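S.K.: With the hints as extra help, turn the sequences into a complete structure.
Numbering-wise (the working numbering), the sequence shown opens with residue 31 and increments by one.
Check before you lean on any hint, since a few could be wrong.
Unchecked claim - Derived DSBU-like pairs: lysine-lysine, alpha-carbon spacing no greater than 35 Å straight-line: (1) 54 to 100; (2) 80 to 107; (3) 107 to 130; (4) 107 to 54; (5) 130 to 162; (6) 100 to 162.
To be verified - Between beta-carbon pairs, the in silico distance windows are: (7) 47 to 115: 53 to 61 Å; (8) 71 to 148: 55 to 63 Å; (9) 146 to 80: 32 to 40 Å; (10) 99 to 76: 27 to 35 Å; (11) 89 to 134: 17 to 25 Å.
I should point out that these hints are in silico values taken from the structure, not numbers from a laboratory. A quick note: this is a predicted structure, and the numbers were derived from the prediction, not measured. Beta carbons are placed, not taken as given, at the ideal position from N, Cα and C, and that holds for glycine.
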Amino acid sequence: MPDLMATFNFVLEIGGVEMASFRKCSGVESETEIIEYKEATKDGKIRIAKMPGAMKWSDITLERRIDESKALWEWRKQVEDGDIDTARRDGSIVIKDSMKAEVARWNFERGWVSKWTGAELDAGSNEVATEKVVITHEGLHRA
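M.R.: See the structure below:
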């Protein structure tokens, strides 16, 4: 049985290239919408049947310490400038252990940064300045 790791590293890859590492990641989830309809049984009773509908995926939210890299800001800027075709990219959320070995990977399709949030700036705070991005996409698959 492998040792449980207390610390993981979450990495964003775009086109197979590591763009940034993150301290928090949420929204790695998929859901199937439910279609309900009423039907009559042979003995005349009404029952509600449930069928799978369309698939939908949550937006992925990533948070990291701000550093000199402007890669996430520039990706968001493509959307702000109306260049959504260039901004749509396939990518991956990769979990790495403390030795930087890959533990798990989720690939997303046609992702783009729908929201970028900068740090709350407070000179009296002991908090690390962070940036947060929300990636909207059209599919998520465990690799």
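S.K.: Each of the hints needs a verdict: does it hold here or not?
M.R.: Hints and how they fare:
| no. | hint | verdict |
| --- | --- | --- |
| 1 | 54 to 100 | 19 Å, holds |
| 2 | 80 to 107 | 42 Å, violated |
| 3 | 107 to 130 | 30 Å, holds |
| 4 | 107 to 54 | 22 Å, holds |
| 5 | 130 to 162 | 23 Å, holds |
| 6 | 100 to 162 | 13 Å, holds |
| 7 | 47 to 115: 53 to 61 Å | 20 Å, violated |
| 8 | 71 to 148: 55 to 63 Å | 58 Å, holds |
| 9 | 146 to 80: 32 to 40 Å | 38 Å, holds |
| 10 | 99 to 76: 27 to 35 Å | 59 Å, violated |
| 11 | 89 to 134: 17 to 25 Å | 19 Å, holds |
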